[in-house]
Amino acid sequence: MADARREWAVNAVLAALLLAVPVAALWLDEPFYITLAARVAILALAGVGLNLALGLGGMVSFGHAAFFGVGGYVAGIMASHAFSGQPMVFGLQGSNQMLVIWAVAMAITGVMAAGIGALSLRTSGVYFIMITLAFAQMVYFFALGWPAYGGDDGLPIFLRNQFPGLNTAQIWDLFLLCYGVLLVVLGLFAMLQHSRFGVALQAIRQNPTRAAAVGISPFGVRLVAFVLSGMITGLAGAMMADLTRFVSPSMLAWQMSGELIVIIILGGVGRLFGPVAGAGILVAFEVFFGGLTQHWQLWLGLVLLAVVLFARGGLIGLIAGPARHV
Amino acid sequence: MSEAVLELEGVSKNFGALKATDGVSLTLRRGEIHALIGPNGAGKSTLMGLIGGALRPDAGRVRLDGVDITRLDMAARARAGLGRSFQISSLIPAYTVRGNVLLALQARAGHVFRFVRPVARDRELGAQAARVLDRVGLSDRAAVPAAQLSHGERRMLEIAIAIAMEPRVFLLDEPMAGMGTEGARSLMRFLDGLRREAPILLVEHDMDAVFTLADRISVLTYGRLIATGTVAEIRADPAVRAAYLGEDQP
Ligand SMILES: Nc1ncnc2c1ncn2[C@@H]1O[C@H](COP(=O)(O)OP(=O)(O)OP(=O)(O)O)[C@@H](O)[C@H]1O
Ligand SMILES: [Mg+2]
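As they're listed, the protein sequences go chains A and B. Take the first sequence: its letter number 156 is residue 155 in numbering that gives the first Met the number 0, and every next letter is one higher. Take the second sequence: its letter number 170 is residue 169 in numbering that gives the first Met the number 0, and every next letter is one higher.
Hints are all accurate, no fakes.
Derived contacts from chain B toward chain A, CB cut-off under 7 Å, selection only: (1) I91; (2) L102; (3) V111.
In short, the hints are calculated from the structure, not lab data. Glycine residues also receive a C-beta, built at the ideal position from the N, C-alpha and C atoms.
With the sequences and hints as input, model every part of the structure.
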C-alpha cells in the first residue's frame, strides 16, 4: 500500500515538474525551455503509446518510429496542402486544423498498426522485434524516395497548424496543448490498465497459455492493444511535426524507435508515468551533456546499462518499488 | 446417468516417429470422475492437451455435449466449457491469488473488450472471487501474488481458477502432485464433491486416490488405451496388472 501511495506521489511530482519548468521559463523569458518541455511532453506521449504495447502487452516493437513518423508526415502533408490550396489525393483538401490532422493521423496509423500487428503478432520474441523493425524500415525508405514531399530533405511546415481557442504560434500555448493532451492520454492509459481489457492484456504478457486456458484469445487482445499503441504514437508524431515545424525521414528512422524504447526502460516499463520520467531524462541528457560533450549518447548508454542491470523498474520502480497488480 | 458429456473418437497425435496418442476413444459421463492412469511418458498429458486444445490432433474427433470442438483453439474450447488445470502450475505470477481468479471470472463473463470500469472495483466479480477462494481455502491468501505461493497453494489456485470458469467438464492433470499427504487428502475430499458440478477427467499417479475417487478408470500405455472400466474391473484386468499396476505397486 505504501508503494502505491509513493507511486502516486512520484507521478504528481513529475506532472508538477513538467509544468513548473516552462512556467519558470515564461517568467524568466527563456522560451527555449518551454520548447524543451513541450518536446518532453510529446516524446512522453509517444512513449505512452509504446508503453501500451511493450509495457502492458510485452510486445517489444522496434518499429514504432513508423507510427511516429507517419503521424508527422500527415501533419506536414496536410499543412502543406492547406498552405498551397492544392487538393491531396482523391480531391481531398488539406487542413491546418490540428484536430482534423490528429484525427487523420490516428486513423491512418491505426490502420497501419492493424496491418503490421496482424502480421507481426504471428511471431514472438526476437522475430517480433525484427519484423516490426523491417516494416518501419520499409516506411522509412518509402519516405526517403518520395520527392513530392521533400524526400530526404524533409518537409517544412511554414505556418503552425491551429487549435481552437489557442494561439499555437506562441510556444506557451503550444506547450499547454501538448501537456493537456499528455495528461488526457495518461488518464486513458490508467483507465485501460485497470479495465478488463488491461487485466487480460497484462495476463497475456505473463502467461499466454493460462489466458487461453480460461478462454481469452491472446491474439485479438494483443492486436487491439497494438493498434491503440500505434495511434497514440501517431498522434505524438503529428504534434512533434507542429512543434518543430518540420518533418523528415529521421522521424521514421530506427534510431527513433530505439529512442522510444530507451524512454520506456529509463522511466519504468509498464508504469503509468514511466514514459514521462524517461522522456525527461532523455531530453535532459541531450541538453546538458550534449552541451558538454559530443559523446553524450555514450553516457546515456551507460546509464541505460546501469538501469537494465541494477534497476529493472526504471526510475519509477526505483522510487516506488515493483508494480502491483489485481 | 450414463450420458456422455465429453467424447473422444480415435484421437491420435504423433511427435515425429513417436505415437504419443494412438487412436484413443473414451467418454466422460455426467457426474463421474474418470481417472486416466498410466506410467510416466504414457501420453496422459498429451491427451489432456489434445482435449484442451493446446495440441491439435492428427486424427480423430473431440465432442463436447455432442458438438464437435476438434477445430477450436484452446481459448474457444475453454469458452465452450473445458476447465483445465496443468500438471506444472501455470498461473499469472504477478497477479494476486484473487487476480488470477478474477481473470477467469471476467473471461467467463465473456467481456474482454471492456476498457473503462476497473476490475478491482467490480463488486459482482469480487464477490464471486471471494466465494471461489473460500471454497478452496485460499481466502486469507487472496492478496498474495501467485509467485509467492507455496507449491500446494499453487495447486489449489489452479483448481480455484478451473472452478471459477464454471466449466461443463474439468480436466485435471495430476492436481495433487507434490502436495503432501495432508493437502492431498483435503483435495481428494474436495474433488469427491466437485463431480456433482461437472464431471472430471483426472490424471493421477496416486493409486489410492484413484481407487477411492474414480467411478471409472482408463489405462494408457504408449499412447494406447489398453482398458477402461470400473475400479473392480481394472484391478482384475490381467493386461493392466502386467503393463502397469504390477510394476508400479510396492
Ligand atoms: N511437445 C512434444 N514434442 C515431442 N515429444 C513430446 C512432446 N510432448 C510430449 N512428448 C513425448 O510424448 C510422450 C508422452 O508424454 P506425456 O507428457 O504426455 O506423458 P505423461 O503420461 O503425461 O507422463 P507423466 O506421467 O510423466 O506426466 C513422452 O515420450 C514425451 O517425451
Ligand atoms: Mg503428464
